[in-house]
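Enquirer: So in my numbering, the last spot in the sequence shown is 224, and the numbers never skip.
Hints in this document: simulated from the structure, not taken from any laboratory.
Treat the numbers as computed from the prediction; the structure is a model and nothing was measured.
Where is the CB? At the ideal position from N, CA and C, for every residue including glycine.
Heads up, some of the hints might be wrong.
Said to hold, decoys possible - Cβ-Cβ distance ranges computed for the label pairs, FRET-style: (1) E114 / D165: 18 to 24 Å; (2) E119 / D166: 23 to 29 Å; (3) A113 / G162: 22 to 28 Å; (4) W173 / E119: 27 to 33 Å; (5) L202 / T121: 26 to 32 Å; (6) S118 / G162: 26 to 32 Å; (7) A109 / H187: 15 to 21 Å; (8) S191 / E114: 21 to 27 Å; (9) Q104 / G158: 17 to 23 Å; (10) Y146 / R203: 17 to 23 Å; (11) S118 / Y146: 23 to 29 Å; (12) T169 / T148: 20 to 26 Å; (13) E183 / R131: 24 to 30 Å; (14) G116 / G189: 25 to 31 Å.
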Amino acid sequence: MKIAGKLAQGMSTAKAAAELGLSEGTIAIQMSHGNRRAGVRHRHALLHACYVTEQLPRPEQTGPPPGGVDDTETKILWSLALDGTYAEIAQHVGLSHDATKKRIRVLRRRWGGRARPASDNARLAVRGA
Numbered sequence: 096m097k098i099a100g101k102l103a104q105g106m107s108t109a110k111a112a113a114e115l116g117l118s119e120g121t122i123a124i125q126m127s128h129g130n131r132r133a134g135v136r137h138r139h140a141l142l143h144a145c146y147v148t149e150q151l152p153r154p155e156q157t158g159p160p161p162g163g164v165d166d167t168e169t170k171i172l173w174s175l176a177l178d179g180t181y182a183e184i185a186q187h188v189g190l191s192h193d194a195t196k197k198r199i200r201v202l203r204r205r206w207g208g209r210a211r212p213a214s215d216n217a218r219l220a221v222r223g224a
């Protein structure tokens, strides 16, 4: 839970590893084990599961980003929280795979979130996400 707590605070894998005195590889392996135990594929879905099961305190609610959130973006956000792959999300919202990825990047920027680290993208690509 310590690792998930650090990542839920928005820390990168490298920063969480440094603060906990672990290697980035250890963080990745522990998160992978947590994903498998929770039956999810992605870090954001694992963190959502931790919030739902009250293993982590829910973050303070923030308002929508400037410009609000439209229906498509709401569907995208829920699909991400429920562990959807880019392909599944694209099919659900009726956008192309590339258009869906672009909308997710835009949402991250509007909310001040970071893009997924390259190591996460590589792991997702191997899994076929």
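Enquirer: Next step is simple, just say for each hint if it's right about the structure.
Expert: Checked hints:
Distance hint check: the CB atoms of E114 and D165 are about 37 Å apart, inconsistent with the given range 18 to 24 Å. Between E119 and D166 the Cβ separation comes to about 38 Å, which falls outside the hinted range of 23 to 29 Å. Distance hint for A113 and G162: a CB-CB separation of about 35 Å, inconsistent with the stated range 22 to 28 Å. In this structure the supplied range 27 to 33 Å holds for W173 paired with E119, their Cβ-Cβ distance being about 30 Å.
Look at L202 against T121: about 30 Å separates their beta carbons, and that is inside 26 to 32 Å. Separation of S118 from G162 is about 40 Å and departs from the stated range, judged on CB atoms against 26 to 32 Å. Hint check: A109 to H187, Cβ distance near 32 Å, so the stated range 15 to 21 Å is violated. Checked against the given bound of 21 to 27 Å, the beta carbons of S191 and E114, roughly 39 Å apart, lie outside it.
About 20 Å separates the C-beta atoms of Q104 and G158, a value consistent with the hinted range of 17 to 23 Å. Separation of Y146 from R203 is about 19 Å and conforms to the stated range, judged on CB atoms against 17 to 23 Å. For S118 and Y146, the Cβ-Cβ distance of about 27 Å falls inside the hinted range of 23 to 29 Å, so the restraint holds. The hinted range of 20 to 26 Å is satisfied by T169 and T148, whose Cβ atoms lie roughly 23 Å apart.
Judged by the Cβ atoms, the range 24 to 30 Å given for E183 and R131 is violated: they are separated by roughly 19 Å. For the hinted restraint 25 to 31 Å between G116 and G189, the CB-CB distance of approximately 46 Å leaves it violated.
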